[in-house]
Every structure is written in structure tokens, then in C-alpha cells.
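Participant: Listed here are the chains, written in short residue letters.
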Amino acid sequence: MTKEERLKKRHRAEKRFRFYGLASIFVALLFVLILVHNIFSKGSSAFMKTAINVEVFFDQELLEIKNGATENQILEADFYDITIESLLKVFPAQDLDQENQLIDLFTTDAEIEIKRAFLENNNLIGKKINLEITASDDIDQLHKGNYPRDLPEDRRRISDFQLIIYDNLVENKKIIKNFNNYFFKNGDSRDPELAGIGGALIGSFYSIIICLLLAFPVAVLASIYLEEFAPKNKITDFIEININNLAAVPSIVYGLLALQILLATIQLPRSTPLVAGITLALMTLPRIIIPCRASLKAVPPSIREGALAVGASKFQSVFHHVVPLALPGTLSGTIIGLAQALGETAPLILIGMVAFVVDIPSTPIDPSSSLPVQVYLWSESAERGFVEKTSATIMMLLSFLIVMNFLAVYLRQKFEKRWN
Amino acid sequence: MELMNNVKIKSKNLNVYYGEKQALFDVNLDLNEKEVTALIGPSGCGKSTFIRCINRMNDVIDICKVSGNIEIDGVEINDKNLDVVSLRERVGMVFQKPNPFPKSIYDNISYGPKIHGKGETKSELDEIVENSLKKAALWEEVKDRLDEPGTGLSGGQQQRLCIARAISVNPEVILMDEPCSALDPIATAKIEELIDELKKTYTIVIVTHSMAQAVRVSQKTGFFHLGKLIEVGKTEKIFKNPDNKMTQDYITGRFG
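Protein chains in written order, with the working numbering: chain A, 1 to 420; chain B, 1001 to 1256.
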């Protein structure tokens, strides 16, 4: 082979390699795009909800309370008759069956919504106001175009009569879309139009805070000791190998451990963020120790020697020089560990967080759900409304993860000091 | 014969092992007060190992074992019960590669005095910083930017900053481990001038690969080879008329 041929061959090889590299990146990006598109196209509609404009007349005869009633009186009062009365006025129904079909267009919480409006302004007796009453899940999905209306009636959840009412309401511009505050405010519910991630958000928040409080100090102190002070012997090696092994243990094993020790033996309350936080802390601990040690190791030995040479003790050289330099790496490792913990599902299912929890937890020892478990729960539900809710929850979870990862990168770049 | 200064550091039958490997063999070497002693020899001959024994820097290396004696002012320092922190306060060290802390110039100098409780007030610290930088011939270059990072200085300035850092705790001995090997000739000349000035106050031990540097800065020279001290004597004599054939071969560049 001549020199020129060899040169050509080398150039071809380089070009080929560049092509393979670009192709792999393209394929990877394509998958990410497909995933993101899929989630967004399904989930974004969940941030809006469908409501029907209803004229409500607060008839003194149907209510047993007067203007200026106290909050307790209103809460105890029965708004059922007024609700039915108002809803039936939306469209003329011929018989009881049609009346029921008409009422089914609205959420089961219609009465509560009307009561809430009265609570805000308790001088409404004898007055008529227009309220936006949340529509039922079926109407919501129909209005968002997720429900096929060309199926035969016996295979539809919406009857022909209901379709007639719906079309009439659309024509009269009585159907509106507004921001779905229930999605952020409410806990879980059997009715998709009322279900929200409020409980899951709070549960995840408590779990991660407990995980951080437990895992961070232990991980940092363990890494500092192992990296800077521990004698280099077989025991240290053994511990080191096992930390690496623990980081690779499937998370469900930590769930089993928590089930046996935290729930069965110590009898901590099940389904709670407290137990979730402890479990996640156990799981995250080795995953934080590894990057912490790596960032301590990355501090050049010359810095340690420099400190020792001016008469700093071992302790001073570590805490005055090495630890501050390793801190950005330590923090970003911790945040990435927490981000992993935030998305962890399997161990939480084992400790009972998969339970159906309607109430929003007010303390870490109240039963609660968490974001990834909520995704899991809703993905198993049959109602169409939960499909978009599942995707929307994934969007929330992903955006938290992205924010945390950006924070980690930012901290590392902002505070990392350079040495030659 | 010219009168030599008092002996400051005395090593007797010093042996050093790195695990199985012996790095120093029965080194007996006296270093005089307020004088520069140069240690020369081919790479891996044990010069650096020797000076790292004087401030017990070898303690940092787990597998390193030191036996024999080193006395400073007649006091044994190779003693388990000796507090290495107070030893290193008396014996400063400058390394081969400049290693300023990634902090401001001011903090680089004030760190040592602070941890030793010297310079209780800000003004005392300011004074120590100024004096140390002046002694290290760096004051004029950095006096207006003491809060800038020490790592932003040029290589030669960084090395003088490290010398100033060593001086800041007011040591008696300064150990220099090839302090100019990472520097250009101009920066080297500055450091050499500085060493000449510093020997009025401090006992200096310098490890160097440059024969010319040894001649220029030192009064006494020791030649190491394969962990043994082959010859030691006045610098003039070592370089003009060495007793040992190996020393002769090394300084004339026949090996090394």
C-alpha cells in the first residue's frame, strides 16, 4: 500500500467513525423526542378541565339557612335540592331516566362546588348567579376529543340523549375550558375529573426531605472518613467493595428490608412519607457516598501536603482545604442521588404507599402517596381521564428531575475551583 | 579552614523503607544553621525522601517506615510522641510544583499564622502577610491584589507565594524540594536570589537537579546515589575536587 492509499484509508476510517457517532446521537435524541412527544401530547390536556355554565338560584325555600349564616351552618346545610334543581334547568328532560342522564353530565362534587360558591359569598339567598360546574369525566374527555362518539350507543359510556344535551350546550357556548386547579390541589379520587396530585406532591416532598436529612450527613461523614482518615487495610477495602455493591442492589430489595424492619419490627405507620424517606435514604446512601468520595479523591494531594507543610493537622487540612474544594461535587452528587430517589417506585409500593389515599397528608406520619406511585396507580385505571392524568404526572415528575439535575450541574460549574 | 556554622540538623543512621523497598541506607548528614545545603543526585536516589524525613512528611505515606535518628537542635524528632504539627511549624517546606491553596493571596499567607494562633488581630495578620511577602520578594508585585486568587499568579510568582506561605509561620528551617524545576530561567534566577537572602535568617535545605544551581546557592553539598549518601562537603570542594569517583562522574555529566 502506498503512502497516499494509507492516508486515504485513514481519512475514510475517521469519516466513518464520525458518521457512527452522529448516527448514535441522532437515534438517542429521536427516542427522547418520541418519549417527550408521547407524554406531552397525552398529558398536556390534563392541565385544563371542562366545566358547564349553570345558573344557580339560591332558593330560600330549598335551603334551611339565611343570609349571613355562619360557616358551620353553611357546611352543615343541605345543598342537594338546590343542586339538582339547578342542574335540571340546563336542559329539558322528559322522564326520571333522562333527568339522571342529565345529572350524570356533571361531576359528583357539583353540590360541593355550589356550596363553596355560597361560602365565598353568603348573601346569595334569593339571588341567581352563573357558576362554572365541573363536567363529568366522560364529558371532559368528549370535549377534549379523546372520546369516540361514532361508536354504537350500547358501547359508549355517553348516551345519545347526553350527546344531544352536549351538542346543545356547545352551541349555546355553555361549555368552557378552564385551568384544572383540582389537578394540583386535590388528592387521589375515583372520579378522574376530581383526582389530583396534591397528596402525591406533598408525600414526595416529605419523603425527599427526610431522605436528604438522613442520607446527606451520614454519606458525607462516611466518605470523608473513608477517603481521608481510614487506614488502608482489608477492612476498609471490604467496606469499600460493599458500598459499591449496595449501590447496585435493586431498589425493591430495600423495600423488602423496610417492610420487615421498619413496618413489621419497629411498627412505624405504613404508607407514610416517614417510612418512605427512611427507605429511600437507605437506598440513596451508597449512591451519594460514591460521588462524594470521587470528589474528595479529585482534590490534588499537593493541596493536602501544602496545608500539612505549614503545620496544619490532618483534621485541619481535611476540613479547611479538602472538604471545601470537594463540596460542589458532593452537593451535585447528592442532588442526583435525591433525583433518583424521587423517581423510585418499587420500594414505595412494598411499604404500602400504593394505597388509595384521598386526604392530603399534613405531617410525614400521615398516609400518603408519592408522584411515581401515583403514576403507577393511575396507569392501571380504566377510565380515559386517568390516561391524561398519568402523563401529566409524569410531566411534573420529569420537570422536577430536570430542575434538580440542572441545579446539580449549575452548582458544580459555579463553585468548582480550578487548580493547575 | 573557614569556620562552619553550628550544626542545626543531624541525621544518624537514617534508614527509610517504602514497603519492602529500602529507599535510604544509613544516611549520616549534618546540616548547618543559616546556611544552604544542596542535595544532588540522579532521580530516585533518595534526596527528596531525606528532606521529607526532616519535617516528617513521610508520615503521610502509609507504607513508609523510618528508622534511625534525626535531631534538630539536639532534640530527636523521629519519635512517635513528638507532635508533628509543632515540628512542621518549625520546619517549613516548598514543593516541586507550586501548590498555592485555591484561595486569595492574602488567605494563602494568613492561613498558617491563623491555625497556630499567631496574629490574633487583623492588623497583626496584615503585618505578617506583608512581611512574609516582602521576604519572598513578591510584595511589590501583588500588594494591590491581595484578594485575588493565588492560583491566578504566574508559575514563578506562585512558587514565591509558597515560599512566603512557608515563611509566614516563622520557621527555623525551610526545606525546598526542587523548587525551580517547574519554572523558567528568569523565575529561577529570582528564586535563587531569594534563597541567598533567606539564608541569613533560615537554615535551608534544597534538593536540586541543576548542578549550576547547587553551585550558585549552596555552601554545602551532599551527593546521593541509590539511597546512599556518597559524599558530602563544602560546595566548592564537591564540584572542584570531589573525593569520590562517582561524584566526579555525576557532576561532569557522565551519568545521571
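By construction, these hints were calculated from the structure, which means they are not laboratory data.
Every value quoted in this text rests on a predicted model; they were computed, and no experiment measured them.
Hints are supplied without guarantee of correctness; some may be wrong.
With a Cα cut of at most 25 Å, we get these calculated BS3-like pairs of lysine-lysine [unchecked claim]:
hint: 1; chain 1: B; residue 1: LYS1237; chain 2: A; residue 2: LYS297
hint: 2; chain 1: A; residue 1: LYS232; chain 2: B; residue 2: LYS1065
hint: 3; chain 1: A; residue 1: LYS297; chain 2: A; residue 2: LYS414
hint: 4; chain 1: B; residue 1: LYS1103; chain 2: A; residue 2: LYS314
Output of the computed footprint for chain B on chain A, the stretches with three or more beta carbons under 8 Å from beta carbons of chain B [unchecked claim]:
hint: 5; region: 268-276
hint: 6; region: 300-306
Taking CB as the label site, the calculated pair distances span [to be verified]:
hint: 7; chain 1: B; residue 1: SER1123; chain 2: A; residue 2: GLU240; range: 46 to 56 Å
hint: 8; chain 1: B; residue 1: GLN1022; chain 2: A; residue 2: ARG18; range: 37 to 47 Å
hint: 9; chain 1: A; residue 1: PRO217; chain 2: B; residue 2: GLU1148; range: 49 to 59 Å
hint: 10; chain 1: B; residue 1: GLU1127; chain 2: A; residue 2: VAL409; range: 52 to 62 Å
hint: 11; chain 1: A; residue 1: LYS8; chain 2: B; residue 2: ASP1184; range: 51 to 61 Å
hint: 12; chain 1: B; residue 1: GLU1148; chain 2: A; residue 2: LYS314; range: 49 to 59 Å
hint: 13; chain 1: A; residue 1: VAL409; chain 2: B; residue 2: ASN1013; range: 55 to 65 Å
hint: 14; chain 1: B; residue 1: ILE1186; chain 2: A; residue 2: ARG10; range: 51 to 61 Å
hint: 15; chain 1: B; residue 1: ILE1186; chain 2: A; residue 2: PRO217; range: 32 to 42 Å
Positions of the beta carbon are idealized from the N, C-alpha and C atoms, including for glycine.
Participant: Taking the hints in turn, state whether each one holds.
Facilitator: Cross-check of the supplied hints:
{"no.": "1", "hint": "B:LYS1237 - A:LYS297", "result": "46 Å, violated"}
{"no.": "2", "hint": "A:LYS232 - B:LYS1065", "result": "15 Å, holds"}
{"no.": "3", "hint": "A:LYS297 - A:LYS414", "result": "20 Å, holds"}
{"no.": "4", "hint": "B:LYS1103 - A:LYS314", "result": "19 Å, holds"}
{"no.": "5", "hint": "268-276", "result": "violated (count 0)"}
{"no.": "6", "hint": "300-306", "result": "holds (count 6)"}
{"no.": "7", "hint": "B:SER1123 - A:GLU240: 46 to 56 Å", "result": "48 Å, holds"}
{"no.": "8", "hint": "B:GLN1022 - A:ARG18: 37 to 47 Å", "result": "53 Å, violated"}
{"no.": "9", "hint": "A:PRO217 - B:GLU1148: 49 to 59 Å", "result": "34 Å, violated"}
{"no.": "10", "hint": "B:GLU1127 - A:VAL409: 52 to 62 Å", "result": "43 Å, violated"}
{"no.": "11", "hint": "A:LYS8 - B:ASP1184: 51 to 61 Å", "result": "43 Å, violated"}
{"no.": "12", "hint": "B:GLU1148 - A:LYS314: 49 to 59 Å", "result": "29 Å, violated"}
{"no.": "13", "hint": "A:VAL409 - B:ASN1013: 55 to 65 Å", "result": "56 Å, holds"}
{"no.": "14", "hint": "B:ILE1186 - A:ARG10: 51 to 61 Å", "result": "43 Å, violated"}
{"no.": "15", "hint": "B:ILE1186 - A:PRO217: 32 to 42 Å", "result": "50 Å, violated"}
Checked against the numbered hints given earlier, the structure breaks hints 1, 5, 8, 9, 10, 11, 12, 14, 15 and satisfies all the rest.
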